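Novice: Sequence:
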Amino acid sequence: MDSSETTKAQSNDKQFYQNVIVMRHGDRADNFEPLWVSTAARPWDPHIVEEGRVRAFCTGRRLRANLGFPIDRVFVSPFLRCIQTAYEVVSALCSVDDDPTVMSSDAVVSLDPSKVKVSIEYGLCEMLNREAIRHNMAPKDGDFGFVTSELEALLPAGTVDSSVKQVYDQLPQWEETVAGARERYAQVIKALADKYPFEDLLLVTHGEGVGVSVSAFLKDVTVYEVDYCAYTELRRPISGDNESFTAGDFEVLTNPVQSGISYLPASASNAGDNE
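Taking our numbering, the leading residue of the sequence shown gets 19, the next gets one more, and so forth.
By construction, these hints were calculated from the structure, which means they are not laboratory data.
It is possible that part of the hints are untrue.
Dumping the calculated DMTMM-like pairs for lysine to aspartate or glutamate here, alpha-carbon to alpha-carbon at most 20 Å [unchecked claim]:
hint : residue 1 : residue 2
1    : LYS213    : ASP179
2    : LYS208    : ASP259
3    : LYS208    : ASP267
4    : LYS213    : ASP187
5    : LYS158    : GLU193
6    : LYS133    : GLU170
7    : LYS213    : GLU261
8    : LYS237    : GLU226
9    : LYS158    : GLU194
10   : LYS237    : ASP267
11   : LYS208    : GLU251
12   : LYS213    : GLU251
13   : LYS133    : ASP116
14   : LYS237    : GLU251
15   : LYS213    : ASP259
Model, not experiment: these values are computed from the prediction.
Assemble the whole structure, with the sequences as input and the hints as a guide.
Specialist: Here it is, written out as structure tokens:
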């Protein structure tokens, strides 16, 4: 238990709030480099482009400056675009000198890896169906080729916590339903929060996962767009201690005008569908 968690756990006679940030990855290469797919060894797993790296780093800096609380743990989808996004965000969170002129991890002089711990979570992966991954892009043998130790090596040195037991220790089956994937995202968000109730979390995932972080906890809305590196902020009350705690419901603090997440009341969306 780190010092921030200890402080929270010791305050077991008071209620405090746990915060969970759910963020989309940066700009993916196949949407900006049309020929990339034709030569890619892993066409289902695009990297992020330079603009995506800058966007991710600057989002990390904004989180560090504006949240009002430190991120204790980061959980990240195994897809490369999420790993690279997490690298940039964590670099911004852990940078020793918060230089406003620095635009990516390349120019960070020194990191304090004790600030944040990072773990891979397969349950935060992309929807594994044709809605999200075109069928001819998915691996024909169903093996997406993720090796946890290799993914951990791509994260900032000293930040990885490989002792964490994953909620999903392997990928869901290919051709999971959209409803099943959405249920998975909601389950994983809550499971990770329950696993670390005295820590504030950042989950780096995909657009659908960010959408679910709104629709699952802000009832009767339909999310229709999630920008690159857009994030939602969830908060819930926690009381008790590390041995026994009680958690309230999550509330969504995200302002859709500022967050890059666009949603409508479900009734308005359904009316539009019928026109």
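Novice: Kindly indicate which numbered hints from before are broken by the structure, ordering the numbers from low to high.
Specialist: none
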